[in-house]
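Chain order of the listed sequences is W and P. Letter by letter, the first sequence follows residues 1 to 113 of this note's numbering. Letter by letter, the second sequence follows residues 1 to 112 of this note's numbering.
Since the hints were made in silico from the structure, they are not lab data. Quick caveat: nothing in here was measured; it's all calculated off a predicted structure. Note that beta-carbon positions come from the ideal geometry of N, C-alpha and C, so glycine has one too. There's no promise every hint is true.
[Stated by the list, open to error] Below, in silico cross-link-like pairs of lysine to aspartate or glutamate (EDC-like), each with a Cα-Cα straight-line distance of 16 Å or less:
| no. | chain 1 | residue 1 | chain 2 | residue 2 |
| --- | --- | --- | --- | --- |
| 1 | W | Lys-69 | W | Glu-1 |
| 2 | P | Lys-40 | W | Glu-9 |
| 3 | W | Lys-42 | P | Asp-85 |
| 4 | P | Lys-40 | P | Asp-85 |
| 5 | P | Lys-22 | P | Glu-84 |
| 6 | P | Lys-41 | W | Glu-60 |
| 7 | W | Lys-79 | W | Glu-60 |
| 8 | W | Lys-63 | W | Glu-9 |
| 9 | W | Lys-105 | W | Glu-60 |
| 10 | W | Lys-105 | P | Glu-44 |
| 11 | W | Lys-63 | W | Asp-82 |
| 12 | W | Lys-79 | W | Glu-17 |
[To be verified] Facing chain P, according to a computed beta carbon distance under 10 Å, are these residues of chain W, among others:
| no. | residue |
| --- | --- |
| 13 | Gly-29 |
| 14 | Gly-104 |
| 15 | Thr-107 |
[Claimed, not checked] Covered stretches of chain P (in silico footprint by chain W; criterion: 3 or more residues with CB under 8 Å from a CB of chain W, positions within the stretch not fixed):
| no. | region |
| --- | --- |
| 16 | 61 to 73 |
| 17 | 95 to 104 |
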Amino acid sequence: EDQVTQSPEALRLQEGESSSLNCSYTVSGLRGLFWYRQDPGKGPEFLFTLYSAGEEKEKERLKATLTKKESFLHITAPKPEDSATYLCAVQALSGGSNYKLTFGKGTLLTVNP
Amino acid sequence: ETGVTQTPRHLVMGMTNKKSLKCEQHLGHNAMYWYKQSAKKPLELMFVYSLEERVENNSVPSRFSPECPNSSHLFLHLHTLQPEDSALYLCASSDRINQPQHFGDGTRLSIL
Numbered sequence: 001e002d003q004v005t006q007s008p009e010a011l012r013l014q015e016g017e018s019s020s021l022n023c024s025y026t027v028s029g030l031r032g033l034f035w036y037r038q039d040p041g042k043g044p045e046f047l048f049t050l051y052s053a054g055e056e057k058e059k060e061r062l063k064a065t066l067t068k069k070e071s072f073l074h075i076t077a078p079k080p081e082d083s084a085t086y087l088c089a090v091q092a093l094s095g096g097s098n099y100k101l102t103f104g105k106g107t108l109l110t111v112n113p
Numbered sequence: 001e002t003g004v005t006q007t008p009r010h011l012v013m014g015m016t017n018k019k020s021l022k023c024e025q026h027l028g029h030n031a032m033y034w035y036k037q038s039a040k041k042p043l044e045l046m047f048v049y050s051l052e053e054r055v056e057n058n059s060v061p062s063r064f065s066p067e068c069p070n071s072s073h074l075f076l077h078l079h080t081l082q083p084e085d086s087a088l089y090l091c092a093s094s095d096r097i098n099q100p101q102h103f104g105d106g107t108r109l110s111i112l
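Isolated chain W (complex conformation):
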């Protein structure tokens, strides 16, 4: 069974204080790993897809990286508007349900001014 564990559950940073969120996964062949951002009262907003170990994607202050067992979402010099819950999900390569996303519980990031 595919599993996704995100850590920490919650992270509080000062504005400008860089850090990383972790997503550890177990999947029977990875088709893709997805990062989403979710603001209170909103649906998840798609950020990145990573397909193979060593791949990196960047968007503004966010950079996502991928290894064979985990993914990191690095946040450089965060601003208060980066505060949100960040969700990680994996999609398996094989089997009849290769469209399924298995989600982690998310990391709640709070950036204080």
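Since the structure of chain W is already known, use the hints to place chain P on it.
Chain P only, in chain W's frame:
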């Protein structure tokens, strides 16, 4: 502004009521999904439609009944719900069934 629109945004209903949730996507996608999001739990996939055919019914109780009349619209019909069904119900769509999914802002459902 999201390309996936869900209505209503909030719904309060009694256990004996019948109501429907609506989802519309303006992205030209061919696959649509229903998810349930409960506090402190990961998103749970409920139903998947690809080209208007249901390809997944993830052990969801029969009190939830999906309908996909065309590739742009998705409904979730609700009847005789239980208090534990209170949650945020999210609709998503993707270009093809294994492509990145784009979510609406959900319907917050409360069962009295």
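So, going through the hints one by one against the coordinates:
{"no.": "1", "hint": "W:Lys-69 x W:Glu-1", "verdict": "15 Å, holds"}
{"no.": "2", "hint": "P:Lys-40 x W:Glu-9", "verdict": "10 Å, holds"}
{"no.": "3", "hint": "W:Lys-42 x P:Asp-85", "verdict": "19 Å, violated"}
{"no.": "4", "hint": "P:Lys-40 x P:Asp-85", "verdict": "14 Å, holds"}
{"no.": "5", "hint": "P:Lys-22 x P:Glu-84", "verdict": "21 Å, violated"}
{"no.": "6", "hint": "P:Lys-41 x W:Glu-60", "verdict": "29 Å, violated"}
{"no.": "7", "hint": "W:Lys-79 x W:Glu-60", "verdict": "11 Å, holds"}
{"no.": "8", "hint": "W:Lys-63 x W:Glu-9", "verdict": "19 Å, violated"}
{"no.": "9", "hint": "W:Lys-105 x W:Glu-60", "verdict": "24 Å, violated"}
{"no.": "10", "hint": "W:Lys-105 x P:Glu-44", "verdict": "11 Å, holds"}
{"no.": "11", "hint": "W:Lys-63 x W:Asp-82", "verdict": "13 Å, holds"}
{"no.": "12", "hint": "W:Lys-79 x W:Glu-17", "verdict": "9 Å, holds"}
{"no.": "13", "hint": "Gly-29", "verdict": "13 Å, violated"}
{"no.": "14", "hint": "Gly-104", "verdict": "6 Å, holds"}
{"no.": "15", "hint": "Thr-107", "verdict": "12 Å, violated"}
{"no.": "16", "hint": "61 to 73", "verdict": "violated (count 0)"}
{"no.": "17", "hint": "95 to 104", "verdict": "holds (count 7)"}
Violated hints for the displayed structure, listed by number in ascending order: 3, 5, 6, 8, 9, 13, 15 and 16.
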